[in-house]
Every structure is written in structure tokens, then in C-alpha cells.
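If you want the building blocks of each chain, they are given just below.
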Amino acid sequence: GGPDDDTTTLTVYAAASLTATFEQLGEEFEAEHDGVDVQLSFGGSADLVTQIQEGAHADVFASADTANMDELTGDGLASGDPEDFATNTLEIAVPPGNPAGVTGLQDLAKPGLDLVVCAPEVPCGAAAQAVAEAAGVTLSPVSEEQSVTDVLAKVTSGEADAGLVYRTDVLAAGDGADGVEGIEFPEAASVVNTYPIVSVEGSDEPDLAREFTELVLGATGREVLADAGFGPP
Amino acid sequence: MTLELTAGVPDRGVDVTIEVAAGETVALLGPNGAGKSTVLAVAAGTLRPERGRVVLDGRELTGERGFVPPHARRVALLAQDPLLFPHLSVLDNVAFGPRSLGHGRRTSRESALRWLGEVDAADLADRRPGGISGGQAQRVAVARALAAEPSLLLLDEPMAALDVAVAPALRQTLRRVLADRTVVLVTHDVLDALLLADRVVVLDDGRVVEDGPSAEVLSRPRSPFAARIAGLNMVAGLWRDGAVLGDDGVAIRGLAAEAGPAPGERVVAVFRPSAVSVFHEAPGGSPRNSLAVTVTDLEPHGDQVRVRAGHLAADLTVQSAAELDLAPGVRVVFAVKATEVYVYRT
Amino acid sequence: MTLELTAGVPDRGVDVTIEVAAGETVALLGPNGAGKSTVLAVAAGTLRPERGRVVLDGRELTGERGFVPPHARRVALLAQDPLLFPHLSVLDNVAFGPRSLGHGRRTSRESALRWLGEVDAADLADRRPGGISGGQAQRVAVARALAAEPSLLLLDEPMAALDVAVAPALRQTLRRVLADRTVVLVTHDVLDALLLADRVVVLDDGRVVEDGPSAEVLSRPRSPFAARIAGLNMVAGLWRDGAVLGDDGVAIRGLAAEAGPAPGERVVAVFRPSAVSVFHEAPGGSPRNSLAVTVTDLEPHGDQVRVRAGHLAADLTVQSAAELDLAPGVRVVFAVKATEVYVYRT
Amino acid sequence: MIPRWVYAPAALGVALVLLPLAGMASRVAWGDFVDLVTSDSALTALSLSLRTSLVSTVLCVLLGVPMALVLARTEFPGQGVLRSLVLLPLVLPPVVGGIALLYTFGRRGLLGDELDLLGVQVAFSTTAVVLAQAFVSLPFLVVSLEGSLRSAGQRYEVVAATLGASPTTVLRRVTIPLVLPGLVSGAVLAFARSLGEFGATITFAGSLEGTTRTLPLYIYNLRVTDPDAAVAMSLVLVVVAVVVIGLAPQRPRRTGGLR
Amino acid sequence: MIPRWVYAPAALGVALVLLPLAGMASRVAWGDFVDLVTSDSALTALSLSLRTSLVSTVLCVLLGVPMALVLARTEFPGQGVLRSLVLLPLVLPPVVGGIALLYTFGRRGLLGDELDLLGVQVAFSTTAVVLAQAFVSLPFLVVSLEGSLRSAGQRYEVVAATLGASPTTVLRRVTIPLVLPGLVSGAVLAFARSLGEFGATITFAGSLEGTTRTLPLYIYNLRVTDPDAAVAMSLVLVVVAVVVIGLAPQRPRRTGGLR
Ligand SMILES: Nc1ncnc2c1ncn2[C@@H]1O[C@H](COP(=O)(O)OP(=O)(O)OP(=O)(O)O)[C@@H](O)[C@H]1O
Ligand SMILES: Nc1ncnc2c1ncn2[C@@H]1O[C@H](COP(=O)(O)OP(=O)(O)OP(=O)(O)O)[C@@H](O)[C@H]1O
Ligand SMILES: [Mg+2]
Ligand SMILES: [Mg+2]
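Chains as they are written, first to last, in our numbering: chain A, 1 to 233; chain B, 1 to 346; chain C, 1 to 346; chain D, 1 to 259; chain E, 1 to 259.
Wrong hints could be hidden among the right ones.
Unchecked claim - In silico contact screen, one side only, chain E against chain A (beta carbon under 8 Å); selected entries:
no.	residue
1	A11
2	I99
3	Y103
4	R107
5	V120
6	F124
7	G206
8	L208
9	T212
10	Y220
11	T225
No wet-lab data here; the hints were simulated from the structure.
Every residue, glycine too, gets a C-beta built ideally from N, C-alpha and C.
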């Protein structure tokens with residue numbers, strides 16, 4: 001339900017890849033703070049920045065990359081300096097049973113293999129491109145998806161033989177019949193994606209916002225994030 | 001192309017059986033709402049009767065064993081509304097039937113032009129139905145029905161809305177083209193019934209009340225409606241002592257036209273309005289029937305004046321009407337000689 | 001409620017001016033496509049003429065200075081199609097006018113029921129327009145127009161599609177309700193013109209060709225159409241030596257009805273079909289007009305037979321017709337005494 | 001009386017629509033179905049969706065009926081262009097529509113200052129959801145109703161006017177009743193489109209539970225964390241839609257046949 | 001003859017639609033406009049969009065006209081349910097529609113094995129784009145046309161049958177010409193919806209330049225890296241739509257007035 005009169009609402013804008021972890025952290029925060037209702041809004045980092053720029057009421061913003069965070073700070077909408085709280089690296093996702101027999105990054109360049117990646121415009125796509133370049137592999141994907149979710153959907157449905165997504169996404173998708181199998185590859189380490197978090201300028205609840213940030217950055221946050229597959233900052 | 005038709009449409013209160021011989025034209029008469037259009041709809045297959053059968057020349061069109069769809073019946077229906085296709089020119093409207101029969105565009109248009117000529121509407125060929133007058137639309141609709149070259153032709157008041165200048169010409173045309181066709185024609189005009197039809201069927205309240213050769217039905221009507229359409233006076237009642245004891249109390253002596261009816265039998269007395277004389281007081285002299293009535297209306301009738309008193313009428317010369325100083329409300333006596341009154345069983 | 005109307009609608013070839021005095025009923029006659037419905041549409045404001053003016057009782061409804069929309073004119077139009085609102089019951093259709101005038105639901109329904117009674121359709125009150133017959137719809141439409149209590153009433157063929165049983169009754173009703181109203185009535189029926197209208201205006205091809213009191217126009221027609229609708233023979237031509245030199249070559253002697261026309265002036269010769277005798281050979285004897293013609297058609301006319309020959313007609317007894325052995329195609333002579341022929345300027 | 005062969009392509013068309021629905025239904029984890037679709041968040045989203053869609057449909061009717069009337073019953077220069085412009089939200093990808101709305105009602109938008117002065121914040125509120133839904137749904141109602149109005153013609157309206165009915169009376173007692181089937185199906189379309197609206201909403205209104213997170217947005221969220229639940233909720237959306245569309249009267253107008 | 005007051009809400013409705021368009025136009029960097037919209041990628045996406053939308057519109061007409069006929073001209077038990085089901089793609093968020101298509105035509109979908117046997121691979125192909133567009137657009141055509149068919153009634157069809165025209169002839173020479181305005185506007189709606197289709201396409205067909213990346217997908221990509229270009233391209237989409245809608249004949253049917 002909506003916020004009552006005697007509850008305080010803390011609105012957190014977070015990148016879509018943080019959905020599961022932040023929902024958990026939000027509940028923890030509510031449990032610790034009586035009468036506080038944590039409202040979570042997930043979306044692409046770029047969308048969220050635009051919304052905050054256009055006047056959306058947010059207290060905390062957690063981005064999936066530093067570029068979008070810079071966009072926000074550049075507009076003077078961040079109160080204080082952003083702090084990194086997690087990292088993420090790429091992994092190869094294949095349908096259960098790995099029908100195409102993918103073992104490493106090199107295999108993704110095999111002709112006849114249906115590979116899907118994120119579009120270079122979105123963070124996971126940029127990362128994929130960087131990894132491939134660093135490894136000297138030329139990828140020719142059959143589709144450049146708009147989001148990680150779309151890549152995963154193609155892989156879980158067996159439509160694609162392999163996809164390049166973040167490690168956390170592989171874990172989130174699970175490994176059941178409708179899940180994916182993750183294949184780690186050494187070249188992934190060359191491109192590490194960093195997640196920064198910040199309180200938003202003009203927040204009605206600056207103290208609560210800071211406390212939430214601290215929760216994410218603290219031990220609880222680290223544990224939850226690590227469980228989901230995020231690396232330490 | 002004999003037509004046998006039984007139509008039972010209970011929700012319209014219609015239950016009618018009619019037969020039309022090959023090449024015969026039957027006029028369907030009757031008051032508004034009698035069921036005339038309903039009968040045509042059943043014949044055309046646009047209405048499926050709850051109970052009924054339509055057999056055209058031995059082929060069952062509507063019946064228990066099946067239902068032939070309208071387009072496969074070769075039955076053309078000219079409905080009471082012209083319903084010209086709004087998106088086609090007048091010419092293409094008329095050519096629609098021939099085209100549907102599989103004739104080429106050119107041939108169809110030629111025959112359409114011919115039929116438009118027949119109804120005196122050839123100059124409208126290029127117009128759109130939205131841009132012609134009501135009577136013009138009616139004429140085009142007639143041409144369209146005729147051009148479809150049907151085995152059975154159903155015409156619902158084809159002459160309504162036509163002006164006096166075209167009506168006789170169109171009647172001529174119909175007379176010519178209907179001559180060797182099987183036709184059912186709905187009309188409210190006695191002239192149409194007499195000139196175009198071989199036989200007249202009168203419907204009232206969804207039932208056939210009269211059926212016979214046109215001239216006979218119209219000169220010897222047995223139903224009030226037929227008498228009315230034929231312009232005759234009719235008194236229905238029981239036959240008693242050589243007179244008709246009318247349901248409204250009057251007694252009228254007359255000549256039994258057929259083998260004398262039995263006493264107490266239901267009969268009608270029929271006489272022409274021109275056989276009626278009008279007096280202020282009941283006259284003496286030769287045996288006459290005298291009916292005391294109140295004038296309800298005077299209207300011109302050719303050179304004469306028709307004096308109406310309820311459902312009875314008398315035709316007088318203008319001079320006599322003026323001398324009698326007639327006007328609605330005046331009480332007068334209608335007198336008619338017994339020899340002018342025909343009595344027969346209903 | 002005097003009406004002055006000028007309607008110039010070039011794309012329909014209509015250019016008409018008519019006047020209707022307060023309380024007067026004017027019958028508009030004319031062939032199909034003459035422009036009758038167009039004139040009514042201009043009066044009702046449903047058609048804005050290219051050039052024209054409509055003034056009702058001093059109020060300019062259509063003109064250079066402005067245009068009063070149809071609903072504010074208090075002009076009711078009964079169009080040639082009944083166009084009953086399909087979503088309203090028959091009763092609510094008739095109550096529509098009173099409701100629009102601001103009367104309450106109850107009052108409106110009561111007056112609607114009264115008007116339905118007047119047209120003998122009270123029993124249809126609860127039906128939907130989709131479920132009544134063509135003639136019934138026509139009667140309901142008449143009731144609806146009358147119930148709107150208009151200052152000017154426009155009726156487009158209100159009696160078409162009506163059966164012989166209702167037509168006289170409805171004519172009575174109209175006669176009563178039209179008596180003190182300003183009305184324009186389009187009709188193809190001479191009886192309507194005579195009984196309901198004070199004045200007759202004849203249109204042909206978009207122009208007024210005749211205008212005058214009903215009885216006068218119908219007894220002394222000056223236009224072929226008026227002659228036709230009045231059932232009279234007419235020969236138009238030039239006045240020469242006491243005779244009308246017809247445009248088709250014949251010469252007809254007759255009595256100049258008015259101050260003698262000048263030689264060479266355009267005149268018409270008019271005579272009744274019953275004044276015409278028919279012979280196989282031109283007769284001798286008293287000075288008669290003899291016209292050699294070919295019979296085109298025979299049709300019953302009351303007790304007599306009407307013999308048509310082109311646009312001329314003669315009325316004979318059945319007996320004479322039989323004796324003469326008449327049939328279409330037979331060449332005969334129409335004879336008419338000069339004293340029966342009226343000649344007057346057109 | 002339609003030709004027999006028509007049934008073949010019609011069946012193909014039905015298959016094109018129904019097969020994917022069957023495909024979706026085949027993936028639902030029916031065991032957990034009830035639990036999945038009756039969670040608090042799910043019910044909150046469903047109720048928000050129904051309420052906002054209802055309001056936006058009312059808004060569409062209030063604004064769309066006049067628009068359709070103006071387009072169908074009047075003539076003025078530039079009408080064609082106006083019609084095209086009014087139909088634009090149909091063609092605009094909803095996300096772009098959301099951006100356009102943000103550029104208009106957002107803080108830095110066209111009307112941002114004016115709205116600020118009035119103390120109104122439209123974006124990111126439930127109002128924004130309704131606005132976004134109305135923006136994308138309005139053309140549906142207008143197009144559907146304009147077609148009905150044109151097909152119905154003006155003959156009955158003219159008759160009503162000659163009987164003394166003012167334009168407002170004609171509208172209320174003749175025009176609207178006559179085109180009611182078209183209006184209802186237009187409103188159903190608008191409601192359905194509002195119910196399914198996603199792109200413009202997430203862009204313009206954001207995605208906050210209870211305030212702006214409608215069912216489609218909720219499904220989008222679920223897709224990331226719980227694909228099974230997402231499919232189950234989609235099926236709920238489908239069922240709600242079937243019920244809504246099914247409730248709309250589809251009784252054919254009595255045409256009365258031939259006379 | 002419409003009441004004067006109708007113009008007020010109509011203007012409000014027009015404003016609701018036009019203001020966001022103005023808002024968008026106000027953000028266009030007009031200086032670079034031509035460069036932005038004539039880049040190779042932009043033109044490729046535009047041409048792909050136009051081609052696929054055209055094909056899917058044709059598909060919608062071929063399948064939708066028979067469907068509308070069956071719904072409007074026949075009666076059978078369960079027709080109401082069928083109608084609701086057929087309209088479902090309207091209410092389904094496009095992304096969900098895309099998932100449903102994936103579950104059906106995908107490699108492991110309902111028809112996956114059958115399609116494999118036929119050697120057809122739908123996924124990641126232009127065919128998939130057309131399928132996705134047709135799936136979401138079909139209901140538009142069906143609804144719009146069914147309304148027109150019902151409004152037009154069957155009187156003229158009955159007359160044509162009594163004149164000897166077979167059902168197919170009636171369909172070709174009477175029914176279709178009479179509802180042409182409705183069919184055209186339905187096709188325009190379908191084309192417009194196809195042109196703007198995003199969610200189902202990205203989910204079902206993916207996004208690859210020249211093969212599956214239609215204009216909306218291209219715009220979506222641009223939005224992240226180059227918002228100016230995204231807005232500019234959106235405006236191009238708008239203009240294309242205006243031209244397409246404007247080209248459709250909107251000539252009102254001659255109603256013929258009162259007789
Ligand atoms: N909507 C229209 N558009 C253009 N021309 C028309 C239209 N309606 C009628 N006409 C033409 O205008 C002329 C006058 O038509 P109008 O309907 O006034 O005739 P009318 O005298 O009422 O005939 P009728 O007795 O057949 O009803 C005719 O030539 C007709 O073809
Ligand atoms: N579509 C309909 N549904 C139900 N009843 C109808 C329908 N059409 C007509 N009726 C009723 O059925 C009866 C017969 O109607 P029908 O149309 O056959 O009469 P009609 O003899 O043609 O009359 P008219 O001379 O007025 O055209 C009437 O009582 C009428 O009210
Ligand atoms: Mg009838
Ligand atoms: Mg007319």
C-alpha cells in the first residue's frame with residue numbers, strides 16, 4: 001500500500017541489475033527503521049538519471065556504471081561524492097546442457113554459433129566490446145540487445161547458443177530448466193564494472209538516505225551483494 | 001416457373017400460402033402491416049420462416065430438407081426501399097445483376113442502359129445514387145431488378161413515389177416485361193392490380209382473405225379491403241328473407257348473384273357508389289334500400305363528387321351535391337335499388 | 001406565418017421562388033426530379049442554397065445576413081424516407097419533437113400517443129422502427145412531424161406507401177390539422193392537392209411553371225404536367241383563326257375562355273377525356289374537331305374505359321369500347337365538340 | 001452469408017493471436033500460480049492498473065468524443081493535418097512518447113515553470129501514469145469513434161434538427177445512442193491499451209510501488225528476478241483483459257432487414 | 001451542426017496530444033538535424049521499418065479482414081470469448097507479447113520442432129520482426145473493421161444476393177467497397193502500430209542493424225549515447241507517420257442528405 005501519514009518514505013533509484021539485492025536490503029532497512037517505508041524504483045541507469053533530472057523525487061541513487069553517475073553529479077544533483085559499493089564482471093551464459101559446447105571466449109567467434117550480446121550503447125554491451133577487443137576476438141552477434149534481461153531471455157529460451165552477461169545475472173537466472181549455465185572465462189577480468197551509490201541532492205530525508213547508503217556499503221550490504229555474485233569494490 | 005409458397009412467421013403474425021403459376025403475375029394487396037413484404041422476403045430467401053416451404057418449379061428453395069441461399073434462387077426482389085448501392089453509379093447499379101450472372105462488363109452495361117431506357121432514366125446513368133431524387137431512385141431500382149433476369153420477380157410497390165408523367169409509361173413497360181414472367185407484385189393501386197396482374201391475392205392480418213382472377217376479385221370482392229380497393233360499397237351480414245341483415249343493423253335487399261344462399265348464411269351485399277342516390281328524406285316509390293347515414297366527407301371523383309358516409313360512398317354530379325347542400329355532418333339517406341345490389345357468399 | 005422562399009441551387013438545376021401565406025397550404029406538384037424535395041430542404045435549412053432567401057413571418061431564416069440552423073426554425077420536415085430513429089421506440093420517436101420543445105417526458109408521451117392515434121398507429125407505440133412495416137413507418141413519421149408543432153410544416157409525399165384503408169382517414173386527419181397551419185405539401189396525387197391544399201405550385205425542371213388556387217390550376221391547367229395530373233387533355237400551340245394550331249400540326253377549334261387571345265399568341269386547348277368521342281372514320285355533321293390517332297393503351301377508369309393515344313385520352317363506356325373493338329395499335333379518330341374545348345393563354 | 005473460404009484465413013489469423021497465448025500458458029508454473037499472483041505487490045500493482053486505466057479511459061471519452069465529433073462533423077482547412085497529428089501517439093514508440101511527455105510536463109520541460117508556479121508536480125506521480133495512458137490511448141478512441149460517426153452519416157441528425165432539437169440535444173439523444181457500439185468499442189480499446197501501457201509510463205512516471213508501478217511495470221521488474229512470476233502475472237493481465245472486453249456489450253445493432 | 005461547447009474539450013484533447021510533440025520538437029538540435037537523421041544507420045533503420053511495416057500491414061489485411069467478417073457477420077456459441085481473445089495483443093504489454101511469441105515460434109517453443117523440420121528459422125530474422133508487428137497490429141484492424149461492418153449493416157448485401165451475386169461477389173463488390181473507409185483507417189492504424197512497435201520486436205526478434213533493428217529500436221539505442229539524435233530520429237518517425245496517415249484517403253462518404 002501507499003505511505004501512511006505516520007510513515008516516512010525513502011525512495012531509492014537503483015539500476016535494474018540490483019533488483020533482487022536492493023529489495024532484500026530495503027526489507028532489512030525497514031526492519032531496522034520503524035515507520036520507514038523504502039520505495040524502490042528500478043530501471044536502466046540512464047533512464048533513472050533522466051528521471052531525476054526531470055524532477056523525480058529520489059533520495060538515493062545507485063548506478064550500474066560510473067558514466068551515468070558522472071552525469072548526475074555533473075548536474076549537481078548528488079549530495080556528496082558517490083562511493084563505489086560493488087563490481088561485476090562478464091560471464092558467458094549458455095542454455096542448460098550447453099548444446100553448442102561453448103568453453104571459452106574464443107568459441108563465441110565460431111561461425112554458426114548464435115551469439116547475443118548487449119548493444120554497445122548499454123553498459124554490458126560496452127563491457128563485452130572491451131573484453132573482446134582486449135582478447136583480440138571478433139564477435140559477430142546475431143543480435144545486440146537493449147538490456148541484460150533481453151540477452152538472458154534469448155538464452156533461456158534456447159533461441160541463442162550463448163550470451164555475454166554479468167556474473168550476477170547468470171546467478172539470478174538460476175540453473176533450472178528455464179535457467180542458464182554460466183561459463184567463466186579469464187579475459188573477463190580485464191573489464192570490471194563498478195557500481196557507485198550516492199544520496200540525491202534536495203532529499204527530504206538526507207539522514208535516512210545516508211543511513212541507507214551506509215547499509216549498502218557496510219557489512220550487510222557486502223554480504224547480500226556477494227551472495228548475488230557481485231565482487232567487492 | 002410455378003411457385004408454391006407457405007410462410008409461417010409467428011412473430012409477425014403471418015401465416016400465408018399462395019401459389020403462382022408459370023408466367024402468371026399475382027398482385028398481393030392488403031392493408032399496411034398485413035404481411036405482404038414478409039411473404040416476399042420468404043420467397044426471396046432473405047427471411048427464413050419458422051414454418052414454411054418455398055418451391056419454385058419443383059425445386060425446393062426453403063423447406064425442411066434445406067435452404068437455398070438468396071443468390072442461388074434466381075429470384076429478384078425489388079424491396080420497398082430502393083437501396084441503391086451508394087458506391088456505384090446508377091449504371092453500375094443496374095449492371096450489377098447481369099455482372100453477377102457472369103456477363104461481361106460491356107454486355108452488362110449495354111443491357112443496363114437498355115433497362116434504364118425502359119424506365120425513362122437513361123440520362124441518370126452516370127449519377128451517384130446520393131445525387132438523384134426519390135422517384136428517380138425508385139425507377140432505377142425497378143430497372144435493376146428487371147435487369148437481373150430472374151425466374152421469379154418480386155416487386156414491392158414499384159410504382160410508389162412515381163409521378164403521374166412516368167407512372168403510365170412505367171406501367172406499360174411492366175405490362176410488357178411481366179407478361180411472360182412469374183411475378184408477385186405488391187401494390188396499393190387498383191389499376192396496377194387490374195392491368196398488370198392475372199390474379200389478385202388479398203392479405204389481411206397475416207392471412208389470405210381473398211384469392212382469384214383480378215377482374216373477379218375487384219368486381220365481386222368478398223373482403224372489406226378488396227371492396228375498398230375496388231371502390232365498391234360492401235355490407236357484410238346474414239342472409240334472411242331475401243335481404244342481407246348487416247352486422248350494424250341495416251337490412252339490404254339485393255340479387256343473389258350465385259345459387260341462392262341458405263337463410264342465416266354469411267353473405268355480403270356489394271354495390272357501386274354511382275348506383276347510390278342521396279336524399280334528405282327517405283323516398284317513397286319503387287322498392288329501394290334506404291340507409292340513414294351521416295356525411296363524413298366530400299371529395300372530387302372525376303367529374304363527380306364522392307360523398308362518403310363512414311365506409312359507404314355515393315357518387316353524385318356536382319350539381320346534385322350542390323342542390324342537396326351536402327357537407328360533413330349532414331344527415332342524409334343513401335338509397336340504392338335492389339337490382340343494383342349483388343349478394344354472394346363470402 | 002407567411003413564407004417567402006427563393007431557392008437557387010444551380011448544381012441541381014433548381015431556381016424557384018414561392019410564397020405561402022399564413023395558414024395557407026400549398027401543394028407542390030411536378031415530375032420526378034423537378035426539384036420539389038430540394039425546395040423543402042432549403043425551407044427546412046438542411047440545404048443552404050447557393051443563392052436564395054427564406055423569410056418566415058418576417059424573420060430571415062436563410063439569406064445574405066445569416067443562416068438560422070434547422071432546429072431554431074420551428075420548421076418540421078417530413079422527408080421522403082421515414083427515417084425513424086432506430087434506437088428509439090415508435091412512441092419515443094413521436095415524442096422526440098415535444099421533448100425537444102422542452103416538454104416533460106410525461107406530457108410529451110401523452111401528446112405522442114395522441115398523434116399516433118390520429119394516424120391510426122397507437123398500437124405500434126412500443127415497437128422498434130426495425131420491426132414495423134413500410135406503410136406503418138410512413139404513418140409514424142407523419143405523426144412525428146405533426147407532434148413537433150411547427151410554425152411551418154413541410155411534407156414530402158406523406159401519403160405514399162399508405163394502403164387504401166388508411167389513406168382516406170389520414171387525409172381527413174391532415175385536412176383537419178393542416179387547416180390553420182402554414183404548410184408546403186409535395187404530392188403526386190391530385191386528390192391530395194384538391195382536398196388538402198389551397199394553392200398549387202407546379203414545378204418542372206427546377207422552375208415554377210404554374211401557380212394558383214388548386215381548383216383553378218387543376219381545371220384550367222397551363223402546363224402539360226398540370227393537365228396530366230388533373231386528368232385533362234391538352235394541346236399547346238398558336239392561336240390562328242379561332243383555332244389552336246398545335247405544335248404537332250393538328251388544329252383544334254375551341255372557346256376562348258378569357259378575353260380573346262391575339263392571333264399568333266401561345267395558347268393551350270384543354271378538354272376532358274369524357275368529352276371525347278371515338279370513331280373509326282372521321283364523322284360528318286355538327287362542327288367537331290377530329291384528331292387521327294393510334295391507340296396506345298386501354299385501362300379501366302371507374303365504370304368506364306380510358307382509351308389512351310399518346311398524351312391524349314378518351315373515356316368510353318365498356319360497351320362502346322367493345323363495339324369499336326379497340327386495342328393498342330388500332331388507328332382511330334378522337335372527336336371533340338368545339339364547345340367542350342377551352343382555350344386560354346399560357 | 002459470407003463466403004466459405006473466408007474461414008481459412010480467419011482461422012490462420014486467430015491462430016497467429018492464440019498460439020502465442022497458448023505458448024505463454026504452457027510455461028506457467030501452475031503449482032505456484034495462486035501464490036505468485038496474490039502477493040501483496042501483485043495485488044497493489046493490479047489495483048493501481050485498474051484504477052488508472054479506468055480514469056484514463058474516462059479522460060479519453062471526455063476528450064476523445066469531442067475530438068471525433070470535430071473531425072467527423074466539421075470541415076476546415078488543415079483538418080487532414082490535424083487528424084494525422086492527433087493520431088501520432090499511435091505510431092510513436094511509447095518510450096519516445098514518455099520522453100515527449102517528460103519534455104513537456106517535466107521540471108525542465110515546456111510547461112515546467114508554469115507547473116512549478118502552480119505548485120503542481122505532474123511527473124512521477126499517479127497523475128503522470130494517467131496522463132501517459134491517456135496520451136497513448138486517446139487516438140484509439142478517436143479513430144474508432146470517427147469511423148462510426150462517418151458510417152452512421154448525418155441523416156438522423158438532420159431529421160432531429162428539423163424536429164426542433166438543439167445541437168446538444170441531437171448529440172445526446174441521437175448521435176451518441178446511434179454510435180454507441182463504436183463508442184463502447186473505442187472505450188474498450190482505450191482501456192485495454194491503458195492497461196497494457198508500459199514504455200511511456202516507465203519513462204514519464206517512473207516505477208514506484210503503489211504510486212506508479214502498474215501491472216506491466218511490475219511484470220517488467222519480475223522478469224529480472226522471477227521470470228516464472230512474470231509469466232504468471234502476464235496471464236493475469238490477459239484474464240483481466242478478457243473479462244473487461246467480454247463485459248462490453250457487443251450486441252449487434254438491429255438492422256431491421258429489407259422492407 | 002455540433003454544439004459549440006464541444007470545441008472546448010476537443011481543443012484540450014488536441015493539446016494533450018500536441019503539447020508533448022511540441023515539447024519534443026523544442027529539444028531538437030536543429031543545427032545538426034539533417035546530419036543526425038541522414039546517417040547510414042538511421043536510413044537503414046528507417047528503410048527496414050517501412051518495409052517490415054508494409055509487409056505486416058498486408059498480412060494484417062489478409063488475415064484481419066476474414067476475421068472481422070467472421071466476427072461481424074456470423075453467430076456461433078463462444079463468439080464473445082473468441083472476440084476477447086483476438087483482442088488480447090492490444091492489452092498485453094508488447095514485451096510480454098514478445099515473450100509469448102518466443103515461447104511459440106522459438107527454437108524450444110511450442111512449434112519449434114515443427115519449424116525446425118521445415119528448416120525455417122524465425123528467430124533473429126526479419127520474418128520475426130514482421131511476425132511481432134503483425135501480432136500486435138492485427139487487433140487494430142479487426143476491431144476497426146468489425147465496427148464498420150456492423151455499422152454498415154447487411155441491407156445492401158441482402159439486396160446484392162437477391163440480384164444473384166454469390167457470397168464472394170457480394171464481398172468483393174458490395175461489402176468491401178462499402179466499408180472501405182473503415183478498412184483504410186484500420187490498415188492505417190495497423191501500419192502506424194507496426195511502425196512504432198518496439199517491445200515485442202526487441203524481445204522476439206532481437207536487434208541487429210539491417211536485419212532486425214527497426215527505427216524504434218535504433219532510437220532506443222541512440223537515447224543512451226546521443227539523446228539529441230534520438231529526439232531528432234523520433235521526429236523523423238513522427239513525420240513519416242504524418243505522411244503515411246495523411247496519404248490515406250479520408251474523403252467522407254457521400255451521405256446524400258435527406259430525401
Ligand atoms: N443530393 C443531391 N445532389 C445533387 N443533385 C441532386 C441531389 N438530390 C437530387 N438531385 C438532383 O436534383 C434534381 C431535383 O431533385 P429533387 O430531389 O428536388 O426532385 P423531386 O422533385 O423531389 O423528385 P421526386 O418526385 O422524384 O422526389 C434532380 O435532377 C436530382 O437528380
Ligand atoms: N423486421 C420485423 N420484425 C418484426 N416484425 C416486423 C418486422 N417488419 C414488419 N414486422 C411486422 O410484421 C407485420 C407484417 O409486416 P409487413 O412488412 O410484411 O407488412 P406489409 O404488408 O408489407 O405492410 P406495408 O404495406 O405497410 O408495407 C406487421 O405487423 C409489422 O409490424
Ligand atoms: Mg411492406
Ligand atoms: Mg423528392
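Comparing the hints with the structure gives:
Among the interface hints, the one on A11 (chain E) is violated; its C-beta lies about 26 Å from the nearest C-beta in chain A, farther than the 8 Å criterion. A hinted interface residue such as I99 (chain E) counts as satisfied when its beta carbon comes closer than 8 Å to some beta carbon of chain A; here the least separation is about 7 Å, so the hint holds. Because the smallest distance between the Cβ of Y103 (chain E) and any Cβ of chain A comes to about 7 Å, under 8 Å, the interface hint for this residue holds. Using the Cβ-Cβ criterion of 8 Å, the hint placing R107 (chain E) at the interface with chain A is satisfied: the shortest such distance is roughly 5 Å.
Checking V120 (chain E) against chain A by beta carbon gives a least distance of about 14 Å; that is not within 8 Å, so the hint is violated. At about 4 Å, the closest approach between the beta carbon of F124 (chain E) and any beta carbon in chain A falls short of 8 Å, and the interface hint on this residue holds. The interface hint given for G206 (chain E) holds, since its Cβ lies 3 Å from the closest Cβ of chain A, which is under the 8 Å cut-off. Taking 8 Å as the C-beta contact cut-off toward chain A, the hint placing L208 (chain E) at the interface holds, the least distance being around 5 Å.
With 8 Å as the threshold, the beta carbon of T212 (chain E) comes within range of chain A, its nearest partner Cβ sitting at about 7 Å, so the hint holds. Below 8 Å, beta-carbon pairs count as interface contacts, and Y220 (chain E) has one with chain A at about 6 Å; its hint therefore holds. The beta carbon of T225 (chain E) is positioned within 8 Å of a beta carbon in chain A (closest approach about 5 Å), and the interface hint is therefore held.
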